[in-house]
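Visitor: The primary structure of each chain is shown beneath.
2 protein chains.
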Amino acid sequence: MNRGNLPDLDDIVAASKRIEGVATKTPLVESPALSTRFGRKIYLKLECFQPIRVFKIRGAYNKISQLSAKNIVAVSSGNHGMAVAYSSRLLGKKCTVILPETAVQEKVNTIIEYGAEAIKYGKYTVDRDAKAKEIVSKTGATLVHPFNDADIIAGQGTCGLEIVSQLDDFDSVIVPVGGGGLISGISIAIKSLKSDAKVYGVEPQGAAKLQAALKAGKIVTFDSPKSIADGLIPSAVGDLTLEACRKYVDGVYSVTDDEILSAMKLLVREAHIFPEPSGSAPAAVLLSNREVEKLGERVVLVISGGNVSLDLLAKTING
Amino acid sequence: MNRGNLPDLDDIVAASKRIEGVATKTPLVESPALSTRFGRKIYLKLECFQPIRVFKIRGAYNKISQLSAKNIVAVSSGNHGMAVAYSSRLLGKKCTVILPETAVQEKVNTIIEYGAEAIKYGKYTVDRDAKAKEIVSKTGATLVHPFNDADIIAGQGTCGLEIVSQLDDFDSVIVPVGGGGLISGISIAIKSLKSDAKVYGVEPQGAAKLQAALKAGKIVTFDSPKSIADGLIPSAVGDLTLEACRKYVDGVYSVTDDEILSAMKLLVREAHIFPEPSGSAPAAVLLSNREVEKLGERVVLVISGGNVSLDLLAKTING
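Chains Y and H, in that order, are what the protein sequence lines are. Quick note: the first sequence uses the working numbering, first residue 27, plus one each step. Quick note: the second sequence uses the working numbering, first residue 27, plus one each step.
Treat the hints loosely; a few may be bogus.
[What the hints assert, rightly or not] Capping the alpha-carbon separation at 20 Å, the derived lysine-lysine pairs in PhoX-like fashion look like this:
no. : chain 1 : residue 1 : chain 2 : residue 2
1   : Y       : Lys43     : H       : Lys51
2   : H       : Lys43     : Y       : Lys51
3   : H       : Lys341    : Y       : Lys341
4   : Y       : Lys341    : H       : Lys291
5   : H       : Lys51     : Y       : Lys291
6   : H       : Lys220    : H       : Lys241
7   : Y       : Lys51     : H       : Lys159
8   : Y       : Lys51     : Y       : Lys120
These are computed hints drawn from the structure, not numbers from a lab.
Using the sequences and the hints given, assemble the complete structure.
Guide: Okay, structure coming up:
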């Protein structure tokens, strides 16, 4: 697979033109309630307001719109699969998504609705990767990786472009980290345009693969990454995303599942939005962080997605 | 108060430039699940993804950005108040919102968060209108009407401009009707650009003020309009909105509160969005309408807002 080299600002600007009219330039709003609570301006970049309610459409459409293949395959815990299915449908391509048994049912349903074939397969990511390779070699399909790909990273970077265009000044941005595609793209865009702003990542304590990789200086694979944040538990970052994070990311926080759930409750009750657990992780940093001053006076939280299971949402409201 | 004349397409295009970067060009997506269920393509225009989670920001910002007054007053059941408070904050103006005792608490909280003064006052709209006039005469503030105003209608019309730009072809659009500002603006835009498309309104059975006015040929005032859809219960339409609806609207449906709640459940479960009752009313037409063929093969539902009370949302998920 040709994963390409790390994209630069020009690639991200080109991606933003490619995805225009497909991805939404999502709102960036101050939450006065959160600003008051945390004693600094808190802004929310509402990727949960994308057409598929998650940022992944940026990268997937940027990638797939450049492919000549008629068949597309993705391995996904849900959101990437939705993005690939949705983009394939718009571009008239056939799509297969290979999912873990534990995928959020609402996401599986949506993938099927978008006309893709959804296959629940195997216990581990390696099994699903093998299945994907089998399909690729049988059908000549193109595998679209969820994060370790220059076009995917460039697409996700358009979120960073927008933040810089929407907000005159800010001190830091906090970005959820799964495989690192979103934070790679955002950090490349922001460090290119506003080098004094800090970019921080946040991962679940049970899946701190970026922190492990940064410390080891190489990719570290987790046998059983675990978190309520189903979008943040790939077993490892990629070599491209690790390279971007080493160059451009200022630090990575860990948060517990309890902190993520408390953050989700806070966002539902006080910011009036309905994020999924992954999208709540940046607010969990504010709740848990004892060095909140480090974040500065104007902090942007990237609310990466809103594909929350209805059961969990009901519990969050009632609890 | 100078309510102006009915805006035309040029006014709506001018409004779209004025609100750029403040209001969002919201996604227009097909819901494959709803398309399957209703045997025709169903598209959702997601105004619940605006920065304040309701279309009202379009009209309010278009209006207030043209005012020289430093003090702004609004009489509102919630959403208009949020839009006026949010726009006033962005434009550095002082804002007072007069609300009914029954306003949804989440909306009242948001108005206060945006820095406006929120006054709960009186049992009836006439009481609140009187209070507003008192404030205007005391302070020189400008009263911003929620719908019967050319700049408000032009702002809401930008939603119609976007629908035409986002969808190559469609047969009909269904729009919730409160005072008629949104449907007036949308119908002016659509009939100017795509005259073969039909524009239908939907009102609660307990507040069918547009249908009454169209039938009587003049404004009909309801003593106690009633519905779970708290955004659709002003006591009457305005003379400007009545004029627009007479000219450009092809029909108006009534739906019951039970149908609205069923529609809300359908949208939450099958379209994966969280609309408020008012924003669910267009889907209620599909659920209740025995002449659904009349709507054609490609139907756009305007999901006007998503400021739902958490209690009601939890009930909808659990019920």
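Visitor: Tell me the hint numbers this structure goes against, listed in increasing order.
Guide: Violated: hints 5, 6, 7 and 8.
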